[in-house]
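Taken in sequence, the protein lines are chains L and C.
When the letters of the first sequence are read in order and numbered with the working numbering, they come out as residues 1 to 624.
When the letters of the second sequence are read in order and numbered with the working numbering, they come out as residues 625 to 806.
Please note: incorrect hints may appear among the correct ones.
[As the list claims (entries may be wrong)] Pairs of lysine-lysine, BS3-like flavour, derived with a Cα cap of 25 Å:
#1 C:Lys-792 / L:Lys-314
#2 C:Lys-777 / C:Lys-692
#3 C:Lys-801 / L:Lys-315
#4 C:Lys-792 / L:Lys-412
#5 C:Lys-777 / C:Lys-705
#6 L:Lys-412 / C:Lys-801
#7 L:Lys-588 / L:Lys-577
#8 L:Lys-533 / L:Lys-592
#9 C:Lys-790 / L:Lys-412
[Unchecked claim] Taking CB as the label site, the calculated pair distances span:
#10 C:Val-645 / L:Ala-281: 15 to 21 Å
#11 C:Gly-648 / L:Asp-310: 54 to 60 Å
#12 L:Asp-583 / C:Val-645: 53 to 59 Å
#13 C:Asp-693 / L:Glu-515: 20 to 26 Å
#14 C:Arg-689 / L:Glu-289: 46 to 52 Å
[Claimed, not checked] Pulled from the structure, derived: some chain C residues nowhere near chain L, Cβ distances all over 12 Å:
#15 Phe-721
#16 Ser-733
#17 Arg-736
#18 Asn-759
#19 Leu-762
#20 Leu-780
#21 Phe-787
#22 Glu-803
No lab work stands behind these hints: they were computed from the structure.
Note that beta-carbon positions come from the ideal geometry of N, C-alpha and C, so glycine has one too.
So you can see what is in the structure, the chains are spelled out below.
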Amino acid sequence: MALLQISEPGQATAPHQHRLAIGIDLGTTNSLVASVRSGLAETLADDAGQHLLPSVVRYMENGSTLVGQLAKEAAADDAMNTIVSVKRLMGRGIEDIRKNEFGSYEFVEQDTTVPRIHTVAGDVSAIEVSAEILKVLRERAEKTLGDELSGAVIAVPAYFDEAQRQATKDAARLAGLNVLRLLNEPTAAAVAYGLDKKADGIIAIYDLGGGTFDVSILRLNRGVFEVMATAGDSALGGDDMDMLIARWFMQQAGISDDADHAQIRRLMREARRAKEALTEAETVSVAVERKDASVWQGELTRSVMHELIDALIKKTISPCRRALRDAGIAVGDVEEVVMVGGSTRVPRVREQVEAFFKRPPLVDIDPDKVVAVGAAIQADVLAGNKPDEEMLLLDVIPLSLGLETMGGLVEKLINRNTTIPVARAQEFTTYKDGQTAMSIHVLQGEREMVQDCRSLARFSLRDIPPMVAGAARIRVTFQVDADGLLNVTAQELTSGVQSRIEVKPSYGLEDAEIEHMLRDSMEHAKDDMDSRKLREQQVEGERVIEALQSALQTDGDQYLDKAERELIEQSLSELQKINLGEDVEEIKDAIKHLEKTCSAYVERRMNSSIQNAMSGHSVEEFES
Amino acid sequence: MSFDLSSDYFHLFGIPVSFSVDTGALMQRYRELQQVVHPDRFATSSEQERRLSLQYATHINEGLRVLKDPLERARYLLQLKGVQWDDEQTTLSDPEFLMQQMELRESLSEVREQSDPVEAVADIITNVDAIIQENTRLLEGLLQSEDLDNLDKAKLQVRKMQFLQKMKSEAESLEAKLEDEL
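Here chain C stands alone, though its shape is the one from the complex (with noise of 0.2 Å):
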């Protein structure tokens, strides 16, 4: 039997098919995956070689990044599951997250009126990575249960959680801008 790169994540390293993820199972894999395939290992090796070694760590990575991300897990979940991910945008329709991506838009562009703008849109930050946490836990619940009708309420939350993860590196790039102007 071969090392297959086709095989899915969960199968690579070793762990259950759900978006519940034992972190540190998942880590413990990675690391004796990676011990066996990367890079460092291959330094003084052929060509050859370290074209593999290099293909396999980078396949391994991915595979941890994705399974390691809520958002990027379930998205994998779903597409595992037979969800297709057009990359038209689906229109939000649930007026309290409207109403909560409105005020963090506007405390975003009122962080330069703050005494100290870099801390401001550090709490903003902060503040979005609680609100993704939250969406995390809702996604976790509808994830658990093979309800098609919970499947597509699922694919809504990984939307909105898709909304937050843009919010935050937009936040993150004025956070950098704020530095460089420092």
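With the rest of the complex left out, here is chain L (with noise of 0.2 Å):
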């Protein structure tokens, strides 16, 4: 706890417990979790010693979910209700999945912006299903740890823009995760990678999988991981390595692209087959069923395979040329190149990657894992339990914001790769007599139109004093947070009023409909919920506590006078003793009260701290 990790060092610190928190893929094709144990990092196997779960999820007719190898085996049988690849719909829009997706579901139309497909257990959101998945793993993890976890760090693709994150950590949160930090899958693997190997210097990170591409360039620099740039694409992978294979295999057997949802899947299940078995023969066999149920038997070979996808693997070279011209640096600078992602085991992609760089690309770490295990590493500094390591990573945004201006132009706010979290201030006005509220589209993307680029959402302001027009000057600030999250706030600077701002999300659940799921997801197990719920905020109140007395005995009296420090062990023990009750309002309110009567003193240790940071280097020094 952040409270305990500014003391100096040498003071005794209570001993706290260590928390356990863990690190999560959430894999287009297969999931996994991850966590520290004994100082090692490693991920956890279900009963049956499997550590990859399958990201499917079979919704039952008696409203029950099948999730993982269960669910997989089913995919081509009951195709309609078993969801394979729900990543590549997180935080999408219908028309993006019809544009992109290969024989997808049975979608809903519904005046909602979040598609749902339909399914015999009723109508469920790539969110909800991506939160079935978190559910299982939450649980494998804490079977396997044999308690209650703090808290989750969950990968994402670098290259996910806010509704995709935000869509991510809605999951989660539907999943009964304390999310602690959304990381970049490319930055956990370097976390796993550089504390392993204990590299400095520059290195890349080429991760391709199922659904994602990312590329990252990171400088390693004693612990701390600082990301140059990253650039990707969110809609390529394995998968359309597959759907290419796939529909190679139709136009051989000639069967017409209107094939039903049970053959393509079977096709793409083919297809992946043959495309991992080339990865070690030079052809390999193939046999697709027609729908007359007369089979077509052929040959797939190396080659053929190479003139299908080369399209493929070259759309994941422009991003790497990017990310370096980005990085401000060129080729011969970089290291090393980390390979991530199951997709990289196809060889024509790591020859393409090796033209490339003009360097063999790593690839004896596990390309599987190595996401989970540095989201494991990342969740265990976070949740407190290594106060003296200096693992630090400093992450970027992945794409440019920007709000819509006249015309349907975009103007850019903040650029891509700039490191966050990050805040930019803009000042509008009215242009009406009385005009009292506005609205702003916010864009995510490179390009100039709004039609080119991602919707993210679109802010109302309200509350503005109503004056002539062009008088009111209101600013607007546009925050992006350490999880690549965008928060907006407003305020008319004449009279300081604070905007009330809302906010219609493009391609999201807005906040309502996410508690409704949950107080749903909640009513099924209220009892279980409400004790789960208590012992979640008596640990909180306990953390508390044990903080605050700490850093009370450290620097208290050099913080607080007397009267200050006599409210404050006052709120404390009132805090005490209701944390024993089991009133769970009553503790939070318990806490926020203590909290507001330590702000004073929260803020003058920061600045020490920050002071103490830059010590031993005075300013006059430079200046005389």
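Put the complex together from the two separate chains, hints included.
Put into structure tokens, the structure is as follows:
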């Protein structure tokens, strides 16, 4: 905990419990959970000893769900109720999905912005499907680790836009996880790799998964992982290779484009099998069943597959070039290229990456597990288990953020590859007398026109004090936090009035919808949830108490006068008393009250720790 | 003494107020500061601490962005020296510069006719980058002098670099478009 961390080295701090934290790789094809145990980060297996959980969810008629291998086995036979590659649907609108996906589901037309898939168990959104996968991983971790989790780090593709990140975080919330951080997958891989190899210098992470592609250029410097640039494509991966191969099968076998879902799933399965076989073999024989039950048998050679997928691999090379340029370095500056993601097993991918970076990529780390392991290492640090840890991750925003201006143009507000957290303020004025509201359209992307960028949200500013046109000065601040998520605040400057903001996400759930889903999922096990909630709140209370006591012991006298300290001690003992009770709300309030009482103290401590960081380099020495 | 968000970025990073910046020292200090304030250090802290941490880390990132980028740094430095940046556009009357701009624009508009348009636009960006670097060196010379006349020249030089920067972002936008079409 931070209050502990900023104490002077060597000073005694209260011993604290090891907090259980996990890292999750929520992949397009497979998902994993990892945790640091006895100093070692490792992925956790299920009862059958399997580490990889296929990211497949099957909805059953009785309302229950099957997740993982069993669901995967039913993917072709029960195609409409079995959701595969749901990651590709996260934070996406129905038109994106229709444009990009091959043989997708029966979508329900609804007025909400989030597409829902029709299943026998009801209509589900991508967020809910992902939450089912996350729940299984959470339960696996709780069972293996034997206690409640304090939090999780969820890895997301670096190139995920804000809507996709928000959707992932919402899914984690639905799954009952406390999200400590959304961590970019290539950064997670760099952490696992960098700490393992004790590497320093510039590395490139080439991460080609089942449905997403990222490339990140990082500078590693004594535990600091600084992302210099990232680029990618959030709808490009091994699935797309499978689609191209499946299309070729269809052509060869004379199967028309209107193949049904079950047939497409079988084609995809066969395509994947062929692709994997060609990692070792030069040719593979394939068999595809037509609708009339006749079978086409043929052969796929490596060179034909290369012809099919080369354009796709080439699509990963221009982002590599862009990332290098954005990082301001040349190919020769890259000291190591690390391959991540199952699709980097395809030999052709390795060849092409080697040709571009002019060095053989590193393939000796397990491309499937490295992201989860990196996420677990960061989760352990974030949970506060390593107060002396120097590891620090400095990441960037992958796509520029902009605002819609006159004529459907986008004005860039924050450029891609800016280090997060970042904030930008912009002033607006009213154009009508007495105007009390205005709307701001936020977009993400590199293109100039609104229709070519991705719409994130429309923010309506309300409660602007009525004035003559042009007199109001509304300062709108766009803050991107360390998760890459956007938060917008607004204030009218001449009156100081805080504007109320209503957010209408373009492709996400509104807060109310999430709350509703959370309530629904809790109703099934209300008592269970209640006791869980109380326990969580008490743990939180204990944490606050422990941290504050330790802080007071360290430097209470330094930063507080007697009266201030008395007030703090008073509300501290109040919390200690209430925390033993059973009223969740009361505990919450007591924590809030204590934090309010401490606010000046906390600020002084933080300021002083920054001063300490700056000390030894007095400003004056440069100026004389 | 308390940490002052209003002190200038040079002081925040403890480096001399000058256009020439020791990038190594800057980065070193940047890492030291973020080690202390970054939100990752406060993931399980109170809401207030998380808010402060976000605010400080954002401020330090902004400082680094300004000090690292020559154009931003020059603007900032000139502002500290009392130069006012009005948003009205000063017309540039440097024929050589204008000619160069026109040529760049022309080659940008002809990119699609090249055999490998993505490569062609990448070349233009590299070219613009080189011109930006050259102009940065000119700017550096002007900013080292305390001569008021040179401050005006520096202001003009900054304008030129803004044009180049705009050209670069247009080229990048075109590149994104071409890559989308692949």
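Here is how each hint holds up against the structure:
1. C:Lys-792 / L:Lys-314: The given pair, whose Cα atoms are some 24 Å apart, holds under the 25 Å limit.
2. C:Lys-777 / C:Lys-692: holds, 22 Å
3. C:Lys-801 / L:Lys-315: holds, 13 Å
4. C:Lys-792 / L:Lys-412: holds, 14 Å
5. C:Lys-777 / C:Lys-705: Since the Cα atoms of Lys-777 of chain C and Lys-705 of chain C sit roughly 14 Å apart, the hinted pair holds (cutoff 25 Å).
6. L:Lys-412 / C:Lys-801: Status holds; Cα separation ~16 Å.
7. L:Lys-588 / L:Lys-577: holds, 13 Å
8. L:Lys-533 / L:Lys-592: holds, 17 Å
9. C:Lys-790 / L:Lys-412: holds, 11 Å
10. C:Val-645 / L:Ala-281: 15 to 21 Å: Cβ of Val-645 of chain C to Cβ of Ala-281 of chain L: about 56 Å, so the range 15 to 21 Å is violated.
11. C:Gly-648 / L:Asp-310: 54 to 60 Å: violated, 42 Å
12. L:Asp-583 / C:Val-645: 53 to 59 Å: holds, 56 Å
13. C:Asp-693 / L:Glu-515: 20 to 26 Å: Since the Cβ atoms of Asp-693 of chain C and Glu-515 of chain L sit about 42 Å apart, the hinted range of 20 to 26 Å is violated.
14. C:Arg-689 / L:Glu-289: 46 to 52 Å: Given a distance of about 58 Å, which is not inside 46 to 52 Å, the answer is violated.
15. Phe-721: holds, 24 Å
16. Ser-733: holds, 15 Å
17. Arg-736: About 16 Å separates Arg-736 of chain C from the closest Cβ of chain L, which puts it past 12 Å; holds.
18. Asn-759: holds, 16 Å
19. Leu-762: Non-interface label stands for Leu-762 of chain C: nearest chain L Cβ at 20 Å, farther than 12 Å.
20. Leu-780: holds, 24 Å
21. Phe-787: holds, 16 Å
22. Glu-803: violated, 5 Å
The structure fails to meet hints 10, 11, 13, 14 and 22 from the earlier list, while all remaining hints are met.
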